[in-house]
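S.K.: Keeping the supplied structure of chain W fixed, place chains D, A and H upon it in accordance with the hints.
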Amino acid sequence: MVDESQFRASGASPGLKLWHWISANPALLPVALSVAMAIIFALTVPKFADLRNIMNIFGQLGFLGFLCIGMTYVMVAGGIDLSSYTVVSASAVVGATAMVATDSTLLGCVLMLAIGCSFGIVNGIAVAYLRMIPFIVTLSTMVVAEGFAIWFTQAQSVYGLPDAFIDNFSARILPMTLGISPRPVGIPVAGIAVLVAALALGFVLSRTIYGRRVYLTGANEETARISGVKVRRIEFSTYAIAGIMAGITAIVLTADLGTATTAMVRDVRLMDIIAATVIGGASLKGGKGSILGTMFGLLFLTMLSNAFNLLGVSPFIAMVIKGSVLVAVIGLDVLRAK
Amino acid sequence: MTATLHMEGVTKAFPGVKALDCVSITVQAGEVMGLVGVNGAGKSTLMNVLGGIYMPEEGHVEINGRRVELRRPSDADEAGIAFIHQELLYFPTLTVAENMFISRLPAGRLPFTVDKRAAQNRAGEALGQLGSAIRPSAPMETLSVGEKQVVEIARAVAQGADIVIFDEPSSSLSIKEKDALFAIVRKLKAEGKAIIYISHFLDEIEELCDSYAVLRNGRLVGSGSVATVTRSQIVELIVGQAMSGPAARKRKIGGAPRLTLSGIRRDGILHGIDLEFKRGEVLGLWGLLGSGRTELIRSILGLDPMHGGSMTFNDDGGSRPIGHRELLERTAYVTENRRTDGLFLDEAVWKNISATTLDQYAAGRMRVLDKAAEERTAISMIERLTIRTPSHRARAANLSGGNQQKVVFAKWLNRKPEILILDEPTRGVDVGAKREIGELVESLADSGSSVLLVTSEIEEMVALADRVAVIRDGVIASEAKGESITEADLMAAAMGTEAADA
Amino acid sequence: MTRLTRRGFMATTAAASAALGAPAIVHAQGKVTVGMAWPGMQDAVWSTSHKLLNEFAAASDTEIELVFTAADMDVAKQASDANDLISRGVDVLLVFPIDSKAISSSVKRARDAGIPSMAFLRQVHADARHQADVFVGIDAKYQQLSSARTVFEKMKADGAEVGEVLWVSGDIRDENSRLRGVGLQEACDEHGASIAQDLVGNWDPQQAAAALAPALKAYPDINHISVASDVMMSGVRQVLQDAGRWAPHGEPSHIYLSSVDVFPIGLELLRSGHLDADTIFDVTGMCREAVDLMPRLAAGESFDSDILIQGPVFTPDNVDDPEMQAQLWAT
Amino acid sequence: MHESMIQAKRIGLEYGFYLLLLAIVAVFTVISNSFLTVSNFVQIAIASTFLLAAAAGLTLVLVTGEIDLSIGSTAYVAATIVYLTADAPAGLSIAAALGAGLAIGLFNGWIVAYLGMNSLLATLGLMIAYRGVALVITEGTVKQAGEGLADLGQLKLFGVIPLIFLTALAILLVFQWILRKTRLGTYWLAIGNNEDSARKIGVPVRRAKLAAYALCGISAAASGTLLAGYLGEITTFTGRGMEFQAVAAVVIGGTSLFGGRGSAFPGTLAGVLLLIIINNGLGTRGVSPFVYPFVAGALIFFAIYLDAIKNRARSS
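Chains as they are written, first to last, in my numbering: chain W, 9 to 346; chain D, 2 to 503; chain A, 15 to 345; chain H, 74 to 389.
Looking at chain W on its own, in the form it has when it is part of the complex (with noise of 0.2 angstroms):
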């Protein structure tokens, strides 16, 4: 078996070199596609650049950043979770329901948190106390909980909701101009909310205890087990914290838009949870990826939408260019596994 240490001593190609530099800390590649994105989008796409579409963007990164947040969490692990994006349908119906009922906002979010927990733990119980395979069992949560959100509300959406609730979920704060908009433009509370989890579970996950401890659940299953780290309870708290990431999801959508219903995300955004994970570096065999690659990675996607957008590209053809990003993006995964 050839010694690759001595492979390296022998002044490898430099090109190999700059590879394993750039494996090195994968989350490099995510931040340098997001910038070169923006600049170029900046430079060529009218209206990109405004101060108004910059917090559009920003506050777009919180309808799918706290997905991407706990996705990132189960694949370090070694999982992944399918069903989240119907969770945030399932916790959002009842909750609004409740806050129409009883008009108090707490109870609403409340019960949206618990229901996206509760679904996070059926995944995880199943996962990793009755040994299932993570696709599976959150393709039936995935069914289970929009058949749930359908049955609950017979597919009406559920309407009038407080003013608090809307009002300060949903508001934009801080409104300034920076010189540069016509208008005073406020920052989405969605975007900070998004930004202050990314740093605060970031952190977490990088540098705390239990983080490392995902990474070496993630890394070898066995070797984590004998070096006692209490692997199943690890695996069982990604796919929480993931119920978590939906339901509080559940609270910024409802408020954004005011109702909750059974259609507010959609498989086709499923994707662009596991894409932005994967250019964040993470893969399917687990121990790898970071919350700020993931963040990075989900920035690069909603800039793509947000020009093909504002340049009009037909939607089917955006279709036919994110579906090839995704599979380049698997590609580069199996380079860097080299």
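The set of hints was computed from the structure by calculation and includes no laboratory data. Treat the hints loosely; a few may be bogus.
[Stated by the list, open to error] Below, a list of computed lysine-lysine pairs in the DSS-like style, where the Cα atoms sit at most 30 angstroms apart:
id	chain 1	residue 1	chain 2	residue 2
1	D	K482	D	K435
2	W	K238	D	K417
3	H	K273	D	K19
This structure is a prediction, so every number in the text was calculated from the model and none was measured.
M.R.: What follows is chains D, A and H alone, placed relative to chain W:
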């Protein structure tokens, strides 16, 4: 078709160790040669040369006097050499017939089709030849270990192999299955096959083989007809001249045992094991392949099920029962196969080293890890254990076998373990690293931790162990202490021949 | 010409309504950019209206640029599409809502940015807080009502017994599908009929067939099936053929069929007599009206009533009259 | 010859679903008088045709331990080709559609087997890309299929059994024959059991996987073509969500996601019928359409739990 196998002056060397040193053996058609030697004596290397996995630096292989080039496993197949491995390559959901003929499926009438009936008939024939009643249409997963082995032998015969090599086939067989196996070997012998039978059990060698060959440290130290040799002569050949007794132990061993195992049971393999782990003692666990050593370790640590028995722990607060989880937390376990469950191959060396003691580096309410401290500790460990690595940030996968094992040790030393369990700690490690690891084990025992040493290398056991428990047929068969730990006694005890006719 | 009725629809419309048909203040303006937040492009009505709007915009005397986005039936995506269009600084935001309540937040955001908004084909829900400045669409309730009413009258004329009706609805989340259900119920009440079962066709012929087949077993002697849109008629045809109930009007095994939209398949079945009444969904009229309103909205004109295009009922008798043929849209 | 306990348990797990299928049929027969009628079973046959064709191909890929989520979009691409070749003779139109399916299958197989990409993620991305391409061609509108093909959709054998169902069933039986009777099928099972051992013993792993994906592409295209024939038109709903339904049906039918275990006939057939019958059964009882997703989700969960137990028994 019969064949004679001849290996002339075969030499194979790996960095730091000469696995085979100018070995020449001849096996006539219709002869069963028993190949014996301790683990690491070169048996598996010899087999890999015959199997086309390793190319020897010097010497060659001849069949019926004709020189044969064995560059790839398929060359060995074509040359009519067949292997009966210890872990069998098989496909559980496919039928016996499909498993036997997977690489040569008989064509059916229509193009691309497989004539399942023909395959099953041929399988039935081959199995019948061996006197076995296994149904060719049965899925492999429903067969016992012994039956699976018979299928593998039948596959070799069906492929027209003239030279059959058995690699410790009987270790996990029941008595009934062993007899069936012996009957099959005799049948093959009668058909003129040349057979090499590798085993630790000298009684099998005497009963089954015509001739014997003994390997020690890669050299052929003795061969001849079984009829003209006594068992003790063979044992002496295997272990070399009686080694001088182990260096006097100066270590103070004493006090109440830190951990006591009583009646540890696990269906099918462990039938009531009692063991005591004393402070500052290197307790050796000696047994043959498949005698249950790794299973015992994994069962008491809760990694595999334990079907009976109890464990009591004794620290300053007197002795109390201890659960699997707590025992795992108190134990440093250097596993048998570092690449699958010993290391995080894709992670940096420093991350591997700190994996077991993360709490040390966690500060504050959020348990934030002090990466700088982790890296500092890793660098000091790398120096202390002289681990050759480009940097502490290199990926563990990039290191040599010896250095990887040192990283595993560093991982556990970091935790100053009360109990240290070592499962084949020096397997696949160069001689230099082997010595350093030996010194490490000594220093750990000196510092008071209880060490359980499982190794198949007899010199290592004799050199390091203060006390050796021999495990056979799922129970502790006998125990040896201090000066009475000699290679001859250990081999004899493991093989169940005790001092009966030594 | 399409019978254009401007009927006050919204209870909350401002009391003083502008004079009906006030002369449109059309004056040459600069270019008008209109952001089109479409639900998606994978539905016949959505993509046809997309094509027609582009044609009318090109033909309009003021220069109109339409910027389309598609939300793949994802409510959150439609909200971000609307945001993208607002931040692009369009002159008018036209929304074709997936969910008529959720779209209200996009209308509010447009208003905050000083952009007038128009709801297209599906109106913003009655009790939504923020209403679009104008709604151009169809009177979905009227369509199903008039089509069902025509069939009930025909059944009475034939002496057929008016009893239960099987209702094949569209997408259960679609406001128009719900309103067409309300229209059918109204028609049933008028003629003493009742809806036997609500079958979800989801605008997909295959799902309509899968839902209708078992229901046909449950109600073997049903003689009137009302379908929310004849885009699903190919599925209905299969099921009735398999059940041996596919026959033109006049034959004994004929089941009376009422539907809406007049897709090509609807036209074909009207001519063959299998389909008894089909209220046209006058996309052309609606698109022409919408394009006509765009520059006026951009110029700040306000509208107090919505433009609900009803469109006439096609029957096997009048299907080939030149006047009706002129209405056809989905070629 | 005594059957050991494991053997009995294995058979229980293997054929448990056929009992469940019969039980469900019995329940619906009791609670709805119009369920157990010939014409209703014709409807069930028609409704299951399109899922059956695609699920047959997916079974082969799953047996090798891989997966293909692009079958729904492949069906739509094939249907689009049927529209493009509407004025050509029906035979040519079908051949072109199946040809497109073959091309897609080969491309999928190349990406997964030769480039080594993760099959779940890669086919997830391709699912979007293929549907995007087809939509560019049809601009998202409903298109008419050729006359010849539309007539094929109506043909019935002995006036009862729809030809399209027989076609799907034929595809399934041919695939089962390949799986059980040919060298390729044995290779697939071997790869699914243990890819490394298979490679060591000389099984052509990459070529075998490529063949599985190619057949899967063809059968997905057949599903789209059959639907175009049946409806006489191509709607944008073709194949939407079919991949997840197909995975559920195949797993319910006993094919394991771990690879190495499974059967197109009777396994996948039972799985598909189970899903369709529940949908149809609920329909005849007039149960609200909102209940079906619930029941389907619970059924999938139950199926994979059994799959996990079956394989834990095998791997422990």
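S.K.: The structure should be examined with respect to each hint, and the outcome stated for every one.
M.R.: Results for each hint:
As the CA atoms of D/K482 and D/K435 are separated by approximately 23 angstroms, the hinted pair is consistent with the 30 angstroms bound. For the suggested pair W/K238 and D/K417, the alpha carbons sit about 20 angstroms apart, so the restraint of at most 30 angstroms is met. Among the hinted pairs, H/K273 with D/K19 is consistent with the structure: their alpha-carbon atoms are about 27 angstroms apart, no more than 30 angstroms.
In terms of the numbered hints stated before, the structure departs from none.
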